[in-house]
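Chains as they are written, first to last, in the working numbering: chain A, 1 to 113; chain B, 1 to 115.
In short, the hints are calculated from the structure, not lab data.
Backbone N, C-alpha and C fix where the C-beta goes; we use that ideal spot for every residue, glycine too.
Don't take each hint at face value.
Unchecked claim - With the C-beta cut set under 8 Å, the calculated list includes, among others, these residues of chain B facing chain A: (1) Gly-43; (2) Leu-46; (3) Lys-49; (4) Gly-53; (5) Leu-103.
Unchecked claim - Just the calculated beta-carbon pair ranges, DEER-fashion: (6) Thr-112/B - Lys-53/A: 41 to 49 Å; (7) Gly-16/B - Lys-53/A: 46 to 54 Å; (8) Gly-16/B - Gly-16/A: 48 to 56 Å.
Each chain, letter by letter, is given below.
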Amino acid sequence: DVKVTQSSRYLVKRTGEKVFLECVQDMDHENMFWYRQDPGLGLRLIYFSYDVKMKEKGDIPEGYSVSREKKERFSLILESASTNQTSMYLCASSLYGQITEAFFGQGTRLTVV
Amino acid sequence: AQSVTQPDIHITVSEGASLELRCNYSYGATPYLFWYVQSPGQGLQLLLKYFSGDTLVQGIKGFEAEFKRSQSSFNLRKPSVHWSDAAEYFCAVGAGGTSYGKLTFGQGTILTVHP
Numbered sequence: 001d002v003k004v005t006q007s008s009r010y011l012v013k014r015t016g017e018k019v020f021l022e023c024v025q026d027m028d029h030e031n032m033f034w035y036r037q038d039p040g041l042g043l044r045l046i047y048f049s050y051d052v053k054m055k056e057k058g059d060i061p062e063g064y065s066v067s068r069e070k071k072e073r074f075s076l077i078l079e080s081a082s083t084n085q086t087s088m089y090l091c092a093s094s095l096y097g098q099i100t101e102a103f104f105g106q107g108t109r110l111t112v113v
Numbered sequence: 001a002q003s004v005t006q007p008d009i010h011i012t013v014s015e016g017a018s019l020e021l022r023c024n025y026s027y028g029a030t031p032y033l034f035w036y037v038q039s040p041g042q043g044l045q046l047l048l049k050y051f052s053g054d055t056l057v058q059g060i061k062g063f064e065a066e067f068k069r070s071q072s073s074f075n076l077r078k079p080s081v082h083w084s085d086a087a088e089y090f091c092a093v094g095a096g097g098t099s100y101g102k103l104t105f106g107q108g109t110i111l112t113v114h115p
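Could you put the whole structure together from the sequences, leaning on the hints where they help?
Shown next as structure tokens:
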């Protein structure tokens, strides 16, 4: 089974802190994604990556950056956390070059106080 | 750009009743369509997908969905709901080509099941 693992289930951070959310997948997938989930808004794409060191902005990249130094690991970075970034963050991965389903991690619920 | 609309934010059904969750999409070419389910505090699990071929697709847990191109819809159905089906359901559309597998999700439908 594909496994996508997010390093934390719950995080509480202070406003202005730099926050790292880590995601690791074990199926050698090329594509990796970070989504943000808010009630009534569904999932919105923040950033995605289709190869090591490659990244593309999604629909809501403002206030976020990403890093992909190794194929299996995709990090989401909040440069200076703000209260409006309190949300559920979901990481996903999929195979490159074909449409197939994305596999999701368990999510990280981030609270910024 | 593609988009997905799930018109029902919250649906309540009795256990044993039939279920239909609506999904409408907007996309210029042949869409790739998915239904995911999210139990409380969990990630998303794929229920079923449509890429091509038979427009009625079967998924896990007794769910099925029908692709109707003329109506731009991909509604999810289950003939008899179980209490364990209570969850949030998301419809998603993906694009081919250089989209790198990006999915666009609907707003989600929360399903409550009464005993």
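Here is what the structure says about each hint:
{"no.": "1", "hint": "Gly-43", "in the structure": "4 Å, holds"}
{"no.": "2", "hint": "Leu-46", "in the structure": "5 Å, holds"}
{"no.": "3", "hint": "Lys-49", "in the structure": "6 Å, holds"}
{"no.": "4", "hint": "Gly-53", "in the structure": "14 Å, violated"}
{"no.": "5", "hint": "Leu-103", "in the structure": "6 Å, holds"}
{"no.": "6", "hint": "Thr-112/B - Lys-53/A: 41 to 49 Å", "in the structure": "45 Å, holds"}
{"no.": "7", "hint": "Gly-16/B - Lys-53/A: 46 to 54 Å", "in the structure": "53 Å, holds"}
{"no.": "8", "hint": "Gly-16/B - Gly-16/A: 48 to 56 Å", "in the structure": "52 Å, holds"}
Checked against the numbered hints above, the structure breaks only hint 4 and satisfies the rest.
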